[in-house]
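Let the sequences and hints guide you as you build the complete structure.
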Amino acid sequence: MTWTTLQTAMADQGYIASGDLSMALHLSLSLGRPLLLEGAAGVGKTEVARVLAAVTDTQLIRLQCYEGLDAAQAIYEWNYQRQLLAIRAASEDGETGKTVEARIFSDEFLLERPLLKAIRQDKAPVLLIDEIDRADEEFEAYLLEILSEFQVTIPEMGTITATTRPIVILTANGTRDLSDALRRRCLYAHVPYPDHETELSILVTRYPDITDRLCAQIVGFVQALRKQELEKTPGIAEMLDFAAALMGLGVADLTDDPAMLQATLTTLLKTQIDRDAIPTEIAQRLAGKAA
Amino acid sequence: MSLVTKFAARDSGPAARMAGFVAHLRDNGLRLGVGETGLALDALTHINAANPHDARRALKTVFTGCAEEAAQFDGLFNSFWMNGGRVKTRVTATATPSQNENVHSGREASEEASSGTGDISAPDGGDGEAASDGQGKLVATDVANLFKKDLRDLVRPEEIAEAEKIALRLGAALRDRRSRRRKAARKGDQIHFRKVMRQSLATGGEPFALPKRQRPDRTLRITAICDVSGSMTVYSRIFLAFLAGLMRADPRADAYLFHTRLVRITEALRDKDALRALARLSLLAEGFAGGSKIADSLDTFASTYGRRFVDNRTVVMILSDGYDTASPDGVSDALARIKKRGCKLIWLNPLKGWDGYEPTARAMASALPHLDLFRAANTLGDLAALETELARL
Numbered sequence: 000m001t002w003t004t005l006q007t008a009m010a011d012q013g014y015i016a017s018g019d020l021s022m023a024l025h026l027s028l029s030l031g032r033p034l035l036l037e038g039a040a041g042v043g044k045t046e047v048a049r050v051l052a053a054v055t056d057t058q059l060i061r062l063q064c065y066e067g068l069d070a071a072q073a074i075y076e077w078n079y080q081r082q083l084l085a086i087r088a089a090s091e092d093g094e095t096g097k098t099v100e101a102r103i104f105s106d107e108f109l110l111e112r113p114l115l116k117a118i119r120q121d122k123a124p125v126l127l128i129d130e131i132d133r134a135d136e137e138f139e140a141y142l143l144e145i146l147s148e149f150q151v152t153i154p155e156m157g158t159i160t161a162t163t164r165p166i167v168i169l170t171a172n173g174t175r176d177l178s179d180a181l182r183r184r185c186l187y188a189h190v191p192y193p194d195h196e197t198e199l200s201i202l203v204t205r206y207p208d209i210t211d212r213l214c215a216q217i218v219g220f221v222q223a224l225r226k227q228e229l230e231k232t233p234g235i236a237e238m239l240d241f242a243a244a245l246m247g248l249g250v251a252d253l254t255d256d257p258a259m260l261q262a263t264l265t266t267l268l269k270t271q272i273d274r275d276a277i278p279t280e281i282a283q284r285l286a287g288k289a290a
Numbered sequence: 000m001s002l003v004t005k006f007a008a009r010d011s012g013p014a015a016r017m018a019g020f021v022a023h024l025r026d027n028g029l030r031l032g033v034g035e036t037g038l039a040l041d042a043l044t045h046i047n048a049a050n051p052h053d054a055r056r057a058l059k060t061v062f063t064g065c066a067e068e069a070a071q072f073d074g075l076f077n078s079f080w081m082n083g084g085r086v087k088t089r090v091t092a093t094a095t096p097s098q099n100e101n102v103h104s105g106r107e108a109s110e111e112a113s114s115g116t117g118d119i120s121a122p123d124g125g126d127g128e129a130a131s132d133g134q135g136k137l138v139a140t141d142v143a144n145l146f147k148k149d150l151r152d153l154v155r156p157e158e159i160a161e162a163e164k165i166a167l168r169l170g171a172a173l174r175d176r177r178s179r180r181r182k183a184a185r186k187g188d189q190i191h192f193r194k195v196m197r198q199s200l201a202t203g204g205e206p207f208a209l210p211k212r213q214r215p216d217r218t219l220r221i222t223a224i225c226d227v228s229g230s231m232t233v234y235s236r237i238f239l240a241f242l243a244g245l246m247r248a249d250p251r252a253d254a255y256l257f258h259t260r261l262v263r264i265t266e267a268l269r270d271k272d273a274l275r276a277l278a279r280l281s282l283l284a285e286g287f288a289g290g291s292k293i294a295d296s297l298d299t300f301a302s303t304y305g306r307r308f309v310d311n312r313t314v315v316m317i318l319s320d321g322y323d324t325a326s327p328d329g330v331s332d333a334l335a336r337i338k339k340r341g342c343k344l345i346w347l348n349p350l351k352g353w354d355g356y357e358p359t360a361r362a363m364a365s366a367l368p369h370l371d372l373f374r375a376a377n378t379l380g381d382l383a384a385l386e387t388e389l390a391r392l
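Here the protein sequences come in this chain order: Y and Z.
Position 267, counted from 1, in the first sequence is what numbering that gives the first Met the number 0 calls 266; the numbers after and before it change by one each time, with no gaps.
Position 55, counted from 1, in the second sequence is what numbering that gives the first Met the number 0 calls 54; the numbers after and before it change by one each time, with no gaps.
It should be emphasised that the hints constitute simulated quantities derived from the structure, not laboratory data.
Note that the Cβ used here is the ideal one computed from N, Cα and C, for glycine as well.
Some clues are possibly wrong.
Across the chosen pairs, the derived CB separations fall in these ranges [claimed, not checked]: (1) 275(Z) with 179(Y): 42 to 50 Å; (2) 287(Y) with 370(Z): 40 to 48 Å; (3) 168(Z) with 265(Y): 46 to 54 Å; (4) 19(Z) with 121(Y): 41 to 49 Å; (5) 33(Z) with 288(Y): 48 to 56 Å; (6) 371(Z) with 211(Y): 31 to 39 Å; (7) 341(Z) with 265(Y): 41 to 49 Å; (8) 176(Y) with 278(Z): 22 to 30 Å; (9) 265(Y) with 275(Z): 48 to 56 Å.
The following residues of chain Z were derived to be distant from chain Y, with all beta-carbon distances above 10 Å [what the hints assert, rightly or not]: (10) 5; (11) 34; (12) 386.
Now the structure itself:
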C-alpha cells in the first residue's frame, strides 16, 4: 500500500486526510512506529484511529488518558474479590498454599486493561492512546517501556511479550509539554485546521444532500470565524453540528434570517465570552463575506 | 519539477547525504540522534523517494517532534535539498521565522525576543520617538542601557546558591493535597487490595492486616514572571538570583521576563553553569526598552504559554512593582484569564515594603481582586519568609 492508496481508502471511510497526515500514517504502518498526532481540539485526531482501524480491518482499542491514570487502569488489575473467595474456598478444600498461589495469580483472575489487551491480540489492533498529555509524567514513563519493548511485566506471572505489534496512535493537544523521550520514540504529525477545500469535501462527504451554496457559505463562515479572537476556536465537529442544525431548521441561505443564524451559533461558540464577541452584526458581516 | 541541489561527484551516496541533512537540521536546533537517521533511510524505502514532495513529507514525519519544528521543516528541507531554497513555489516558507506561540527552547526564545522591528543591539538615540515598535513612548532609554550591563556583574554566585536553598524550601512548602492517584501509605482512606491479597496468602486467606492507600501530596509547579523594567532595576538583582535559584532547585519550574515584551527564560536559566546561565540571560534581556507593559505582557502570557503550562497545580508568581507605562486596563482581564486556568496567583511587589504604601498604581489596584497573595519582597530574606504563607495557600 502506498500513502496515496491509504488516503483514498480513508476517504472511502469518510475521512479526508491531508497529504502530510496520510504519509505519516503510511510510515507508521510500514515502519511499525507509534505515531504522535498533535493539534487543536476538534480537528479529527481521534477519528483518525477509528478510520484506520476500519481501513486495516482490525479492532480499535482505546485508552483515554486522564490525570491520575495509573497502571491498574491502563495495564492490568487483579480481580481481588474473586481472589479472596478463591482463597477461602481453597482453605476449606484443604488445598496447599503453593497451588492456591499459582491458581489465583493466573489468567483467570487477571482483568485486562487496554494496554495489556492490545499486546495480546491475535491480529494487530489499532491502539489509540487519547490525550496523552492529560496523564501525568509517571504514566508517560511507563508508557515508554511499553512503546519500545511491547511487553508488560506482571510480577506474579512474568513478562508478557506482544504476539503482534499494535498500531499505536497517540494524540495530544498541548495541555502540557511531552517529554523529549516520548517524542523521539514516535513519528510525528501536526494536524492543523483544514483548509477551505478540505473542509468543503469533509462537509460534502458527511452530508451529501447539502446544497452547494449553503455548503460554501458554512465553510466560508466557519473559516472566517476561526480567524476571530476566540477562546475556543470551533473545530470540524462543531462545523458539522452547525451544518446539521442549519439543515434541520431548513435554512437555505445564511444571510436570510439573522436571528436564526444567531441561534444556531450555539453549535459553534461554546463560551459566554465568545458569544458576546460575535454579536448579530459581526455574524452577518462574516456570513455576507462567506457567500 | 523544481531545481534539486546538485551534489558534488565525490559524494558517497544517499546515506552520506542523509547524514549531511541531519547535521544541517541539528545546526538549526532540531534535536536528533543517530537512530533518526537510520529510521529516515528506512522510511524512504517505503515510499517513492524520487518524488521530492513524498520525500519531504516522509522526512518531516520522522524528523520533527513538535508543532514549531514541523512549521520550520519545509524551509530547512528546501535549503538543503532544493538548491538553497530557490524554489519558486516555496520561497515564502523560508522567509517567515517561526513566530509560533509555543516556543520551548532558549534558542527559539531568543529568536522571538529579537523579532521586533528595531535594531536590537544598539540603544535608541536619546531624542525623538523610539525607533523600535509599539506606540508607547520609551520612558528611559538610559535605563535600557544600564540593563545591557552584564548581569554577571549584578548577581553573585553566592546569592544564587542562597536563592537556590530558598527556592527549594518554597517549593516544598507548596503542596497540593488533591492528587488523584493513591499510593500505599501507613494511614489512608482506602484499602490497598493488592497488598491485602499478598499478605493474606500467608494466613490462609484470612486478611489480618489491612494495608491502606492514600492520595499523596504533590508539589506545585512554580511559574515566575519577573518584571525587569526601568523602575524595577534596583530589585532585579534579587529577583534574578531568585529565579536562577528556582530553576536549579526545581526541574519543573518555569520562568519569564518582561519589559515591553515577554520572553521565556527557562531554558537559559537551566544551564548547568550558573554564571553561563546568567550570561545567556543577559543576551535574552538585551534590546529591551526601559518601559514596562504589564497588561500586554500578561496578556501574551495568558494566551500563549499560559495555555500550555498553567494548570490547577501551578502557582503563578508575578514579581513586579505594578508601574505600567502603557494603559493598565488590561491587567485585570489578563489576570482573570490566567486565574481561570485554576492556578494560584501570587504578586510580590517590592514597593509594598515601604511604610504607608498603598497600591495606588492603577495596574496594581485593578489586579488586587484576582490575587491569592499580595506580599512585599525586596530581599532574599523576604522571599524566605514567604514559606509559611505559601504553606497555607
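Results for each hint:
For the hinted restraint 42 to 50 Å between residue 275(Z) and residue 179(Y), the CB-CB distance of approximately 21 Å leaves it violated. Here the CB-CB span from residue 287(Y) to residue 370(Z) is close to 44 Å, well matched to the stated 40 to 48 Å. For the hinted restraint 46 to 54 Å between residue 168(Z) and residue 265(Y), the CB-CB distance of approximately 50 Å keeps it satisfied. Between residue 19(Z) and residue 121(Y) the CB atoms are about 44 Å apart, so this pair conforms to the stated range of 41 to 49 Å.
Between residue 33(Z) and residue 288(Y) the beta carbon distance is about 52 Å. The supplied range of 48 to 56 Å therefore holds. In this structure, residue 371(Z) and residue 211(Y) break the distance hint of 31 to 39 Å, their C-beta atoms being roughly 55 Å apart. Roughly 25 Å separates the CB atoms of residue 341(Z) and residue 265(Y), a value that falls outside the hinted 41 to 49 Å. Hint check: residue 176(Y) to residue 278(Z), Cβ distance near 25 Å, so the stated range 22 to 30 Å holds.
One distance hint, 48 to 56 Å for the beta-carbon pair residue 265(Y) and residue 275(Z), holds here, with the actual separation near 54 Å. Once the 10 Å rule is applied to beta carbons, residue 5(Z) is consistent with being away from chain Y; the minimum gap is 26 Å. With a closest Cβ-Cβ approach of about 8 Å to chain Y, residue 34(Z) is found to fall inside the 10 Å limit, against its non-interface label. A cut-off of 10 Å between C-beta atoms confirms that residue 386(Z) is not in contact with chain Y; the least separation is 26 Å.
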